[in-house]
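Chains as they are written, first to last, in my numbering: chain A, 1 to 363; chain B, 1 to 283; chain C, 1 to 278.
Just so you know, these hints were derived from the structure itself, not from any lab.
Where a beta carbon is used, it is the ideal one built from N, C-alpha and C, also for glycine.
Don't take every hint at face value.
Derived Cβ-Cβ restraints for the label pairs, each shown as a range [as the list claims (entries may be wrong)]:
1) B:R177 to C:K147: 40 to 46 Å
2) B:K23 to A:D94: 34 to 40 Å
3) A:E358 to B:N195: 27 to 33 Å
4) B:R177 to A:F99: 55 to 61 Å
5) B:E132 to A:S335: 22 to 28 Å
6) C:R221 to A:N271: 47 to 53 Å
7) C:K147 to A:N271: 52 to 58 Å
8) A:K312 to C:K147: 49 to 55 Å
Chain B is nowhere near these chain C residues, computed Cβ spacing over 12 Å in every case [to be verified]:
9) V37
10) G83
11) A268
12) Q271
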Amino acid sequence: MGYVAVTGGQEAIEASLQHLTYERIKEGKFIDVESIKATMRGFLDQVMSESSLYSERLAALAMKQSEGNVEEAVFLLRAHRSTLPRLYYSTVTDARDMFVIRRISASFKDIPGGQILGASHDYLHRLLDFSLVEETEQDVLRKKAEFEAIEVPEESSLPLEKLPKVMDYLRKEGLINEFPLNDEEPDDITKESLTFPSSRSERLQILTRGQTGTVTSLGYAGLRGYGSSHPNVGEVRVGYQPIHIALDEEGEEYYIGSIKLTEVESFIPANVSEDGKEVLEFDIGYGACFGQNETKAIAMSILDHALENPEKIPIHDEEFVLLHVDTVESTGFISHLKLPHYVTFQSKLEQIRKIKREGVTNE
Amino acid sequence: MSKFPFAFLDEQSKKEIRRAVLKGVAIPGYQVPFASREMPIGRGWGTGGLQITLALVGQRDVLKVIDQGSDESVNAVNIKKLVQGTTGIETTIHTKEATLIQSRHRIPEVPLRSDQIMILQVPEPEPLRSVERSEFKTKQLHAEREYSGAWLLLFEQIMRYNQTSQGADYPVLVHDRYVMNPSPIPRFDNPKIHNSDALILFGAGREKKIYAVPPYTKVESLAFDDYPFEIEKFEGKACKVTGLTDVFLDELTDEQTGETYYLCNDTSFMQEYLEKRGTVHVR
Amino acid sequence: MFDKPILQIKNLSKQYGEGCSYCQHENAKLERNFCPVCKTVYACKNISLDLHRGEILGIVGESGSGKSTLMKCLYFDEETTTGEGFLTDYFNGNENIFTQSGQQKRFIRNSLLGMVYQNPMLGLKMDFSSISNIAEKQIAAGNRNVKQMVDRSNALLDKVNISIKRSKEPPKNFSGGMQQRVQIAKALSSNPPILLLDEVTTGLDLSVQAAVLDLIKTIQRVMQISMIVVSHDLAVIRMLADRTVVMLNGQIIEEGLTDQILEDPQHAYTQQLVYSLL
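So here's chain A without its partners, still in its complex pose (with noise of 0.2 Å):
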């Protein structure tokens, strides 16, 4: 009977979980948190950039809880750091300290310090290598100790810290539109809430943890007729960036560990008014997250841009930006449609029956 059928839900959740956790081993197969942080670069770039939580390895065996489903990955991480005090703020860090493994610029051909291509998919033809399905342990020893043991001649190391900018190329010139340099501390959105007008620290908070298929859609959708900052790639660097931690205000600091990290600034040309002259000059449109992710960098840039120069356009309008494209509030929302709905459904219900029984009286 009805009465019988409402309870019971505890039951078919637990076995609902055991199922869950049976779908995960039932090819008898196993993966070790080492293998997936050791193989699986691009997915622990793209989760821990969008859960803001820097660490390999918790992303990695949030990789394999998951059965490599991001969205959740991402979830059990952001809610792993709930659970965490925040004892430190890092000092303010600049991205020349970089150790550079990839650097390059779309605006000049050849910038000071030379362009570091690293290792991307870009120059990749994508096509499925079927060798990589018959791959043994042995074939990938082997490849490494092959590629280790090529010399490396002497003349042909490159400087790869204390690169300049590309940008200080253009400042020297007077091309960049300048603002008076803000090392204020930044507003902190996991302990205060935003509120509108959102300041730029928000905003790039918000932007380096969106999620990257939103971040990169805006951007596109930005790029390609709706909106109007359309950049010129000054500078792509991933490297690794020291961070370091000061215990009070006049104290030491503290070096704590480096982060692999994706910078990116966009020239985007802007009308400035020079002494009473209209004059062009380039804006910045700047990009940063956690891993390798070029393409979302690149997009948060454009966005980043769009958002300093509001307008009646979604992509310029703050509101629409840095509310919808976080992950755990997207997929949430989304999936909270899954939930019972009945006692609202039966208001709704009641309802229109009435109004279906009453009609409109007074026409």
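Go by the hints and put chains B and C onto chain A.
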């Protein structure tokens, strides 16, 4: 779950949430922004209510969680399990035994007491959102006590249907100052917020707002003078099992006969009622 | 006409941009209303005018003369940069309306002013029924009685010659002329002492224009309401306005009785305007 702090959240976060709750109590019906942590359950699945519960829960609390009137619905089970797993506190299905009651879409049929706290999960805290999509502007409208938009919506419904067509989440005016969404409880439950003995808290995790109706606060459902507010009426219908008519009913269909029948929506209330009647019969 | 004016505007200015040392100088030479140095636009410059009870004041000028900006400032759609405004019906004309709180400005807008925009999209909620649009002002002014508001709105629809049968239809179903008439009904809805009309007939067919102008004239006669009518079209002004103000580049260049301005224009620009009409 032993790796996580008591009640999951770190202490800094709990303090911030409690501060938001206190501010909400001090300004009845005002939506207090808070940072809103990510929870182990989905945004939109009660994370606002859950954060309030976790920020308030102490070791001696007894928790009841309801979803759509049921203690056994997926959402309720999930939340109860999480709170219990991270605190070890007792849970109950009996409204009378609970000190904290977290709920989605219902206020229990059993009257609440002054030593209980009711926590409602809120999907959309902003009563003016359907007339003004910008958060910046709705904040201003609240500040200026400009609620024509909410009234206009009701007026338009009356023009179209000769009555309001708002189902659940029917807006209320709190303490003659703020218009508030009571969360998607049926209109049937709106009167329970008025002059309540218990403190009622509202948490919107995704929208990052907390608000409150302190005990004994005036709460009026918006209504024009000549079109009074009406709760859902189940005229001529009664709960098939208890025969009760003055409760909110669920509509169900008998699988065999295809017949429609009704049951109390508040399942624990129904169970208690039956148990009590059972003892009466035994005597 | 010896009464205290119902509305007084004193030295109202509205600029877009910060201004610079060049254009803030008293005798700065601007390109029309535009500073060639810092690009600041002086949309309205030191506008002073009075509106008396029951009169229609016309404001005529070409596009860019600042007349629409002036209307938007009066209805608080735009913030005025400097200047004062006094309404006899608001604290006896002793409080500057431009420095009031947002809440007070809303009250003035909802209860003491009515506005009809050139673009009905600005004045109406196109998806809501016409009757709700008209009632909105009454709701905003605090009315909570549906029957009263329905009766009043229907009476106004009748007054602007729209069949009550169509009251539940949204304005988006209506023609341009009808939308303007719904706007007029809405503006009159809370029975304000002052009505602001911004290019209300621009873009309408000639026959429809005539009907709307006729309606405005009738309303003014019957309801004794004061109006400010803005138009680039001197023919409209001639038909409606008792007194007329001529604006050019954000400033008032001539004012007087409408007949007087039409017969004996003083300023070269006004002369040009009048001769083109003849």
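Quiz item: Which of the listed hints are broken here?
Solution: Failing hints, ascending: 1, 8.
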